[in-house]
Amino acid sequence: MTLKQARNLAFTGLVLIAAAIWTFPLYWALTTSLRSENRNVSDAGWLLDELNFGAFREILGNSKLPMWYLNSVGTSGIITLIVLVTGMMCAYALSQLRFPGRRLLYLVVVGSFMVPVPALYVAQFVLMNDLGLVNTWWGIILPQLVVPVVIIVYKQFFDAIPKEMREAVVLDGGGEFTLLFKLYLPLNWGITAALAIITFITAWNNFFWPFLVVTSEDMMTIPVGITQVNDAFGVAYARVMALALLAAAPVIIGYLIFQKRVTEAVMISAGVKG
Amino acid sequence: MLTPKRRRRERRAAFLMIAPFLFIFTAFFLYPTYSVIALSFTDAPLIGEGNWVGLANYTKLLGDRLFHTSLWNNFYFVLLTVIPTTVIAMLIALAVSKLKGRMQALVLTLFFLPYVLPVSVVTMIWSWMLDFQFGILQPVIAAITGKPVPVFKNPYWVMPMIAVVTVWWTNGFNVLLLIAGLRNIPADLYEAASLDGATPWQRFWRVTWPLLWPVTALVLTLQLILQLKLFDQVYLLSNGGPFNRSYVVLMQMYREAFQLNHGGYASAIAMVLFLFIVVLSVLQFQLLRLGGRK
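Chains as they are written, first to last, in our numbering: chain V, 1103 to 1376; chain D, 248 to 541.
Chain V with its partners taken away, still in its complex shape (with noise of 0.2 Å):
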């Protein structure tokens, strides 16, 4: 062995350290989850050295973790696939269509971007209440609809495609929406992928919008439902951990599966290209 191929293999050493210590609390939930409660409070050393799924058990048949899981799936669903589906069509007009008040509509998009949602959610629950929606999936749902970024990709996308192709297309004389979803969206599944798995994550994953106009324990989503657990318990670390594992589970699943398109969309909604 080189002196090269020694320090590189000690550099390469000290990097997997370093993202072992980052990873250690995600390491250490899961150790703690498969313990005892008195052990974790007693003699727990570092290594995982039992399997005691108890906890894990207690979530699942004790908590209201699969309704919470129910109401996440489905807000998130249903934001991702409008979110998706307005964005592209929207896109697609502003990037292949001519109309009055197209520079300003783009120009409006582009200027939501500075906006601070939160600071919108005042009056977006005072809107949710007149409309009858708090305490409902459409009051989560409704103000999570407005994703900027989603029109921006896609009209950049949309923008490279050769406007020869379009052609053959109008000459089967086919209109803008057989255009739009023969043609562009099959060009474009890869970003239509990774958006639909970012926004998918994004809105799993949003916090104070839920807490503010859910307050009904049955219509809350993940991150909201299991603070109140936490509450509840008190002292029962093994149990919070597993609910927290539960809870993030399928994100985790998620983002390991599709992580080529996590990555590639949280480039790409930046600007930034790999």
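Be careful, since some hints might not be right.
Claimed, not checked - To spell it out: a stretch of chain V is covered by chain D in this simulated footprint if at least three of its residues, at any positions, have a beta carbon under 8 Å from a beta carbon of chain D; those stretches are:
| hint | region |
| --- | --- |
| 1 | 1152-1162 |
| 2 | 1193-1201 |
| 3 | 1293-1307 |
Claimed, not checked - Below, in silico cross-link-like pairs of lysine-lysine (DSS-like), each with a Cα-Cα straight-line distance of 30 Å or less:
| hint | chain 1 | residue 1 | chain 2 | residue 2 |
| --- | --- | --- | --- | --- |
| 4 | V | 1265 | D | 252 |
| 5 | D | 476 | V | 1362 |
| 6 | D | 476 | V | 1284 |
These aren't lab readings, by the way, just hints derived from the structure by calculation.
Think of the CB as a built atom: it goes at the ideal place given N, C-alpha and C, for glycine as much as any other residue.
With chain V's structure known, arrange chain D on it following the hints.
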């Protein structure tokens, strides 16, 4: 040339396509923007009508000690997070970009993972790790200060620890952006620098740093805006305490609106934050443009 008939069809298609977004945008974004501005000039409760009071809410804010505290804490939190997280992210990005293939993918995954977690999961895990009696990090704290510290109940520890938790949570995003930036730097520039006998240190400051600057500036801007919107972690970890030492602007907006039933006053607080962030975004955008021209 387009015939008038085709042009009409194009317009009709365009309006059909923008209509759904435009409706959502107007109803749930533009209208609330208008009404938060309007509310801020009234003494309205959260739900119900109020009277026009002109600038009274704003003049009251000027003299509101709690609001001064909140603004200061927001500013303090920005100091504690924005530059540190950018520096840490850059170190990680430089290290990760030196690795190859699967090893690089694995390390990047580990560093990015916390970013996808819901905030309440993050705060639950850290509350446990920093638990006064049984937290695994208390021996570390005791080694530094000589005794365990209930960090979220201690006025000096509370903000720095919320900053640590926040950096751990959100840093992966910055790492990704910086790695993308590093990949965009042409490799032959490094080769040329090496041929000229540049040390790694010189290569960083002469090649990497200037070429990465646009992305670094972007990370700094996004962090500044993000960290000014601090609420979730504070609410979940310390609830603004102790002695208001972690009380921030959005915390005050929340309390005024949803606990004290002062919709008008809360709207004025929201407007101040709103203006702060818009002004900062515009300033930063201009600075970035100037930087890009050089």
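Enumerate the violated hints, using their earlier numbering and listing them in ascending order.
-> 1 and 6
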